[in-house]
Amino acid sequence: MHAFFDGIGYNGWILPVLLVLPLLGALVLVADARRFGTDQAEAAMARSRSIALWICLAEALLSLGLWWSVDVSSAAWQAAVTLPWIPQWGVRFAVGLDGIALMLVLLTTCLMPLAVLGSWTSIRERTHSYYALLLVLTTGMLGVFMALDLVLFYVMWEVMLIPMYLIIGIWGGQRRLYASLKFFLYTMIGSLLMLVAIIWIGMVVRRVTGAPDFSYDTALQLARLGPIPGAFWAFLAFALAFAVKVPMFPFHTWLPDAHVEAPTAGSVILAAIMLKMGTFGFVRFAVPLFPEIAMAPAVRSVFLALAVIGIVYGALVALVQPDFKKLVAYSSVSHLGFVMLGIFAMTVEAMQGALMVTISHGISTGALFLLIGMIYERRHTRLLADYGGLASVMPLFAVALTIVALSSIGVPGTNGFVGEFLVLIGSFPTQPWYAVIAATSVIIAAAYLLWAVQRILYNPLTKPENQALRGRDLNWRELGLLAPLLLAIVWLGVYPKPVLQKTEAAASRLVQQVESARLSEQRAQTGGAR
Amino acid sequence: MHTDLSASGHPLGDTVAAFAWLILLLPLLGFVANGLLSLTAAAQPGPADPSAGHGHGDAHHGDAHAHDAHDTGHDHHPARHPAAKWVSLIGPGVLAAAFGLALATFLAMRGAGDAMHAPFVLTLFDWIPTGALQIPVALQLDPLSMVMVLIITGIGTLIHLFSVGYMQDDPGYPRYFAYLNLFVFFMLLLVLGASYPLMFIGWEGVGLCSYLLIGFWFTEEANANAGKKAFIVNRIGDFGFLVAMFLLFANLGTLSYTGVAAGAAGFEMGGALVTTICLFLFLGATGKSAQMPLYVWLPDAMAGPTPVSALIHAATMVTAGVYMIARSATLFSMAPAAQLTVAVVGALTAVFAATIGLKQWDIKKVLAYSTVSQLGYMFVGVGVGAYTAGVFHLMTHAFFKALLFLGSGSVIYAMHQAYHATHAHADAQDMRNMGGLRRFMPITSTLMWIATLAIGGIPPFSGFFSKDEILAAVFARTHHSTLAEATWLGLPGSVVLYAVYALGLAAALMTAVYMTRMMLYTFHGPNRTGTAEQGHLREAPWIMTGPLVVLGVLSAVGGFLNLPALVGGGMSEILHHWLEPVVGEGTLRVTLGEAAHLSHATEYALIGTAVAIAVGGIALAWTRLKPAELVPAAESPAEQGIERTLLNKWYVDEAYDRTVVQPTLGVSRTVLWKGLDAGIIDGLFVNGAGFLARGLGWLGSQLQTGRIGTYAWVLVLGAVSVLAGFSFR
Amino acid sequence: MLAESLALSAVLFTIGVVGVLTRRNAIILFMCVELMLNAVNLSFVALSKLYGATGQVFVIFVMTVAAAEAAVGLAIIIAIFRHRQTVHLDDINLLKG
Amino acid sequence: MDNTFHPLFYGFHFYLFGLIAIASAILFVTRKSPVAAALWLINVMFCLAVLYVMLDAQFIGAIQVLVYAGAIMVVFLFVVMLLNLGQPDDLADIRGTGPRLAAGAVGLAILAEVMVLARSRIQGEYAPAAAVELLVPAADAVGGVIAPVAGPLFREHLLAFELTSILLLAAIVGAVVIGKKQGPADAR
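Those protein sequences? They're chains A, B, C and D, same order as listed. Read in order, the letters of the first sequence correspond to residues 34 to 563 in my numbering. Read in order, the letters of the second sequence correspond to residues 27 to 755 in my numbering. Read in order, the letters of the third sequence correspond to residues -10 to 86 in my numbering. Read in order, the letters of the fourth sequence correspond to residues 487 to 674 in my numbering.
Looking at chain A on its own, in the form it has when it is part of the complex (with noise of 0.2 Å):
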């Protein structure tokens, strides 16, 4: 395998096509919705999600070799590539992997063509936009993984925002002014901050080195000179920009306004990916870059415990939703709380528990979107009061979202329970509280889901619009897009080595990394005390 990924030169051209295929796909869908028009809606349809369909395909089978090429042991940066860009201020294109950005990538790549199938047929309306927007989130998506360039990261920050709140803004539900304008509000105040703080990193370097310079390497040896006044500020900045993404207790506010209004594919690569972005930037910004900071007694204690609110929290809020999405979306507050809880946990297993929960909520809350989905096209409602006997009706469905359900629930044998024990056995040792508050989640994240599930799929089949669903059970194409996604979950909750080995070496690093500054830093403290 190595031998052929080698020989075509794969690691030198990977990422940059990565990024710039869905561009280019974006840039056909223009010119096909100009060269054929788009006023007969269902031929536009047929037409741009097809298009959209195979760039996203395409772009998946391509990453599928990264997990081949690229070697996670390695320390150096892989498939790196850096082109110029703006001189002068020392800005450079530069994009490259390590074993947990190289998972992310291949979550975004692979669940982008379930979300176009997801979007199949139901987005009707000025479908060519929606997918073109769609290609470029995914660009967007990618950057921000990719990105070893403190501005590149920002612009593709920024550029995976727009598309999104396009999105919402135009295909949403009934209250999608709303909700795309508060996501979009609450994202951008966190990364103006980061700007700022991305900036400032630059005119430290500057001021160091002589030259600006905004690549991540050269600020994480700037990190290795012990801390610099100002660097809390930064932190912050840098914190807010990623704990508002997360999202975090209390800026988790924006995130069931937004899913409830997104689309079905908007719902699905929110939750599975871009929350993502903020625990990324975690891991790979916030804590490497500022490791005195963020080990800093206090700082730390206030992000567990605003990790571990948010993991009770989370689930008790979901536990009283009448809205499935809703639902949902608390629960991806209270699991996301578990990545946080694990990163500033910070050791190998906490941190290789949140990056398992980081994937495998990627996984199951995105096929939770998808399903949802499902049977808001049949039934146009998601209060989960309209629903009820769905199990005799559509078996396959009620198959479907049991498995879904289990898996976030954390049963053992599926994906999500992995994770969450990586993370609480992991945390437990340093962290003994948060770890035992954090797992009284485990009861009420039962009782929320089964709860839901009873309340869609048992229950007397009374409603006449439920008992209408007979004969209309998951089709072949939605079988076929949530069968990658069970089978993921089975697989990573049986036999999650191969993954755990992907992160392991990036996780050790940077656990490393920052528990050596904590531990000087305390010695620096200690000594000087004396």
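Possibly wrong hints are sitting among the right ones.
The calculated label-pair distances, taken between Cβ atoms and stated as ranges, are [said to hold, decoys possible]:
| hint | chain 1 | residue 1 | chain 2 | residue 2 | range |
| --- | --- | --- | --- | --- | --- |
| 1 | B | T513 | A | W100 | 52 to 62 Å |
| 2 | B | N277 | A | Q500 | 54 to 64 Å |
| 3 | A | R257 | B | P319 | 45 to 55 Å |
Just a few of them, taken from the derived set where beta-carbon distance is under 7 Å, the chain B residues facing chain A [said to hold, decoys possible]:
| hint | residue |
| --- | --- |
| 4 | G157 |
| 5 | L159 |
| 6 | P162 |
| 7 | E230 |
| 8 | K254 |
| 9 | F275 |
| 10 | V687 |
| 11 | L691 |
| 12 | W699 |
Partial list, computed: chain C residues near chain B (C-beta under 8 Å) [said to hold, decoys possible]:
| hint | residue |
| --- | --- |
| 13 | V6 |
| 14 | L10 |
| 15 | L78 |
Note that these hints are calculated values from the structure, not bench results. Quantities reported herein were computed from a predicted structural model and do not represent experimental measurements. We put the beta carbon where it would ideally sit given N, CA and C, even for glycine.
Since the structure of chain A is already known, use the hints to place chains B, C and D on it.
Relative to the frame of chain A, chains B, C and D by itself:
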């Protein structure tokens, strides 16, 4: 499958035991096969565009949807599932094969002799390897897991066979067997796994299957609720299990049984850490094994099909907690306070559940509370460090309780058939509607009497020996043991143990009473089913009574597996010797290094007391209860006073609902969601920020009069102030 | 003479400012602005004796801009007058959104 | 030119025209009739032109007369005539006493501030020795009076010069467009 025989040095490695993974795989394959059969026959993918038009499938499905409910007495039986034949073959078939393999492994293990002092660990593949945490998927074959495997596969096979008769007319038949096979897989994983996390997979997996099977007839809201309740209450216990695992990993760095057993010796005897670990483990056990305060799910779980109650909620799953404590014998023996807690909770549960069992009318509810009560007994056994006694009672209980449940299933089946034939809508499980069934179902009646005598503790039936051994062990521990020397909530351990013993006797008395009551009302006296229905009451087919007979034999003679030394002679204490390698060390530590010893006189006195109490209980019930005075359920007056409280289970469910469930929901809804989330964060801060911006904008717009004069003034004043700033510097 | 020139410039500028603040006729307002521009020009010229001819260059630019401003401003006034029949500022609040 | 330089004569005329300028300016802001105001403003500009010449900026003085007094102010007068605003308005053009007093106060404040600033910045930086140099004429005999202005204007400031010409062009076009009589169809 990638099999890494890391333990190939073990003598079992060259025997059939190397294929122990097949025991697990067989039920899993059964699950897959039955699941696929269930889906392919029942499901048809929908139209390509789901939002367009309505379905057309009504014609295919006919009336198959109309209420699967079995017990509610609907007038027509849906058609038998098309794949039923295959399912009848696969479902019990994989179990029988697994049982055969287990027997072969058992024989190999017997052949290995003394080598079994070290467990045989079969590593299959790495599950979670990261950092310091290495959890391989490994199976541990040792005497304890072997006993459990034999019980699970053996009794499982019998119950699967019974199910073929009981369930084959149900439209969800393949689904039923898929769940049942999956349950057996997880249960086997629970007992075979070589580490706590693997036990936890099985632990949660059986909970999941229990959830699915309790809610098997999901179109009844009560059934779905019962399933959900079971899962959630179990999860409370699982929380304890998880925390215990965290503590073990944080302090020992390993979670495998061998590692923990080796590391446990390093703990301080009776120290806070090991006590905490054991208490959390026990919290897990209270959930799964329905002990106070988490027992509430088990009676509701009777909503599932009766064979499920027999297999999961009597014979196997609910005993997982007992298995877990026996498995952690080395840990528990280090923590006398935790052991006393286990014993006290077990004894209290035994008595408490028995009181409720005294007054239930639903035949399955009586058995359910009886199960809770007997599980309490087992916990008393493992709690006082008599692990063999606990496991012994687990085994005999599996025999006679499975028999009782299957027998009740047989009765319910007959009642149901009768009501079905006459299109009546009465409760097929209410004992007030039964009576005199002895005449219609002689085999079932006889077999259930055997089981009743066994559970009541009449020698020489199996329950007598196991129950007596537990009580004797409690009595023996009151002197010369770590437990007697420990203090528990300020009380001396020996006092606590005497109290436990007394509670055990009380529970034994009540057990004899309620079981006799159940038998009297069901099988004796006049029949209250209805004259028309009497003609349709008959014995169940052989596929159902056959397993009953086997279980009857086991219930009768099961006690000989561990006869006390007093009467056994050369055949005594077989199970004790068998389990010695696993639990011997723990027991010895509790008894301060010497074998437990009671004088023969004391032992005879104890036996005499126990038998007297059992006989007394049966006699009391036989003489005081008058089945002839009962009237059918529909005509019965409502109970009053204490009877009503007992019938309503001491109102514990209501109390939990008021104190835990409703407050949680209420606080979540009004305080957290509407208050904090929508009110403060969203309303005050987010929308508040929006409002603030809009307000500032409005203020700003008020400055925009549109009159140049005003602007000129503002401009000039601004210039004046800027210049002032420069000039007064 | 530099000090005197600058003082004169300041006085003229102030008169222009007071005019802008007190008059309501748009055309006179414009003329006041022109007066202010002239005052500034005076200080440019005066200071150019000190700093060289660049100040005078600036005066030329200022004149050009003033001419442009007068042209556009007067055009606007004509347009407004056509529409409203007045050049009184208090009657004109088109700028209000 | 040293020999033809008479400080007293020079100073007298400087003050004379300065005072005339101030007086005309005050009259300008106080006239009710726009025409009268415009004429007084023209007077101010003529005075300023004289002062420019006296400050050795002969070229500026010339275009001050030509462009400002001659062209721009004529346009103002032209517009006043065009709109028939020649007579004082019925509505008092000047604001009430309050605003007038306020405007006066603001004016005084500005005056004071500018004075303070000019004193601290300019006199502070240049010693009296430099002030003597003030009296030395800047224009040399060879370049005449225009070259010192033309040099920088067409060398260093060429781009700005061209930009102002574009600005003028744009202003002309804009004025034409704005002032164009709107057809009934375009009227709001």
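inquiry  = Min Cβ distance, P162 of chain B to chain A: is it shorter than 7 Å?
reply    = 10 Å, violated
message = Given a cut of 7 Å on the nearest C-beta pair, is the interface hint for V687 of chain B held or broken against chain A?
response = 9 Å, violated
request  = Classify the hint on K254 of chain B as holds or violated, based on whether any CB of chain A lies nearer than 7 Å to its CB.
outcome  = Interface hint status for K254 of chain B: holds (5 Å vs cutoff 7 Å).
ask   = Range hint 52 to 62 Å: satisfied by the CB atoms of T513 of chain B and W100 of chain A?
value = 60 Å, holds
task = Please verify that hint: L78 of chain C, Cβ, nearest Cβ of chain B, below 8 Å or not.
result = Cβ of L78 of chain C sits 5 Å from chain B, so the hint holds.
ask   = Falls inside 45 to 55 Å, the C-beta gap from R257 of chain A to P319 of chain B?
value = Cβ of R257 of chain A to Cβ of P319 of chain B: about 54 Å, so the range 45 to 55 Å holds.
Restraint outcome when W699 of chain B is required to lie within 7 Å of chain A by C-beta distance = 5 Å, holds
ask   = Hey, does the E230 of chain B contact hint survive, CB to chain A under 7 Å?
value = Hint on E230 of chain B: holds, closest Cβ of chain A at ~5 Å, below 7 Å.
query = When you take the CB atoms of N277 of chain B and Q500 of chain A, is the distance between them in 54 to 64 Å?
reply = Check passed, 57 Å falls within 54 to 64 Å.
key: Interface hint outcome for L159 of chain B [beta carbon to chain A under 7 Å]   = Given a least distance of 5 Å, the restraint on L159 of chain B holds.
request  = With chain A as the partner, please determine if L691 of chain B meets the hint condition of a C-beta pair closer than 7 Å.
outcome  = At about 6 Å, which falls below the 7 Å cut-off, the nearest Cβ of chain A leaves the hint on L691 of chain B intact, so it holds.
inquiry  = The hint names F275 of chain B as touching chain A; please verify it with the least Cβ-Cβ distance against 7 Å.
reply    = Status holds, d = 5 Å.
The structure does not agree with the numbered hints 6 and 10 stated previously, though it agrees with the rest.
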